[in-house]
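Produce the entire structure from the sequences given, and follow the hints as far as they go.
Each chain, written out:
2 protein chains.
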Amino acid sequence: MIQIRKAGKKDYDGIWEIFESVIKTGDTYVFDPRTNKEALSKYWLAPHMKTYVAEEYGKLLGTYIIKPNQTGLGAHVANCSYMVHPNAQGKGIGKKLCEHSLENAKNLGFKAIQFNIVVSTNQAAVNLWKKYGFKIIGTIPKGFNHLTLGYVDAHIMYKEL
Amino acid sequence: MIQIRKAGKKDYDGIWEIFESVIKTGDTYVFDPRTNKEALSKYWLAPHMKTYVAEEYGKLLGTYIIKPNQTGLGAHVANCSYMVHPNAQGKGIGKKLCEHSLENAKNLGFKAIQFNIVVSTNQAAVNLWKKYGFKIIGTIPKGFNHLTLGYVDAHIMYKEL
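Protein chains in written order, with the UniProt record's numbering: chain P, 1 to 161; chain G, 1 to 161.
Think of the hints as simulated: they come from the structure by calculation, not from any bench.
It cannot be assumed that every hint is accurate.
No copy labels: a pair is met if it fits in one copy or bridges any two.
[Claimed, not checked] Calculated pairs, PhoX-like style, for lysine-lysine (alpha carbon to alpha carbon, straight line, at most 25 Å):
(1) Lys67 / Lys42
(2) Lys111 / Lys24
(3) Lys111 / Lys142
(4) Lys135 / Lys96
(5) Lys159 / Lys9
(6) Lys159 / Lys95
(7) Lys37 / Lys67
(8) Lys9 / Lys24
(9) Lys10 / Lys131
(10) Lys130 / Lys142
(11) Lys96 / Lys50
(12) Lys142 / Lys159
(13) Lys159 / Lys135
(14) Lys9 / Lys50
(15) Lys142 / Lys106
(16) Lys50 / Lys142
(17) Lys24 / Lys95
(18) Lys130 / Lys42
(19) Lys142 / Lys91
If you want it as structure tokens, here you go:
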């Protein structure tokens, strides 16, 4: 059974395994495909964010973070990022993480969730977020430097909670 | 004569004077109006940003920062923030800072500049950016918690260089 829970220090290696295998394709996330393990603490386990993991039989299969998208007077809008281990695709983990984050964001007092850079060519992600009520509120022309396609547009997506 | 130059450690107090008087109105910037002086280093003089000041006769009248808006595969788009001391309004300092930043961003190799949260009620700023070729590429519904008006929309503005 897949359980979603808050991440702790002991999860660092498991999260890194997901993170590394997800970013190396350079087609969905802004993180440099050559990011090293030490930098994970800054990108995925920083003090200003909350990190969660999806676990099954002691193995981490997915993870997400939630944080204020802006400081101060913009801090009522959350920002989330989700990753699923490539070997665990098709088990509905992305959906589970998304559902957990929507509930969680609301409980944490956020009024909305905003994604700042959804790669336009990542149609699976765009469709998933739309299914959960996210709308494209803007598009950054050539906002993402895709590893194989070069500069492609990136969407800003938003959902009021 | 107004000169724009890179900021150094000796400028901390002068920048803080601008920063403090600008954010206290809570109607244009996300920074919490109660931000303390120590936090300025994180918001305006952090290692991942470059900070500039507009100086006249040894007095700092304005400042701006430039940084990558995203890490890695989104780092070709810059993000800038500008502040002018309320007592120095009407001297064209905002325009000078904007012009300097456009030239500077290009020289630094950025392909575009993106503003993530331009308060929709700050019509002067919206008009200034439009004059310099920035387009509204998206609007965050109720994205800004205005100190007197409550939640108001915030624009995402973008200009290709």
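Structure-based check of all given hints:
1. Lys67 / Lys42: For Lys67 and Lys42, both the intra-copy (13 Å) and inter-copy (17 Å) Cα distances are at most 25 Å.
2. Lys111 / Lys24: between (33 Å within a copy, 24 Å between copies)
3. Lys111 / Lys142: Between copies, since 9 Å is at most 25 Å while 29 Å is not.
4. Lys135 / Lys96: Intra 19 Å, inter 37 Å, cutoff 25 Å: intra-copy only.
5. Lys159 / Lys9: neither (31 Å within a copy, 41 Å between copies)
6. Lys159 / Lys95: Within one copy, since 15 Å is at most 25 Å while 35 Å is not.
7. Lys37 / Lys67: both (21 Å within a copy, 23 Å between copies)
8. Lys9 / Lys24: So Lys9 and Lys24 pass the 25 Å test inside one copy only (23 Å; across, 38 Å).
9. Lys10 / Lys131: Answer is neither; intra-copy 33 Å and inter-copy 52 Å both fail.
10. Lys130 / Lys142: both (21 Å within a copy, 20 Å between copies)
11. Lys96 / Lys50: within (17 Å within a copy, 40 Å between copies)
12. Lys142 / Lys159: Classified as both: same-chain Cα gap 23 Å, cross-chain 11 Å, threshold 25 Å.
13. Lys159 / Lys135: Answer is both: 6 Å inside a copy and 23 Å across each meet the 25 Å cutoff.
14. Lys9 / Lys50: within (12 Å within a copy, 33 Å between copies)
15. Lys142 / Lys106: between (32 Å within a copy, 16 Å between copies)
16. Lys50 / Lys142: For Lys50 and Lys142, only the inter-copy Cα distance (23 Å) is at most 25 Å; the intra-copy one is 30 Å.
17. Lys24 / Lys95: within (22 Å within a copy, 41 Å between copies)
18. Lys130 / Lys42: neither (29 Å within a copy, 35 Å between copies)
19. Lys142 / Lys91: neither (32 Å within a copy, 35 Å between copies)
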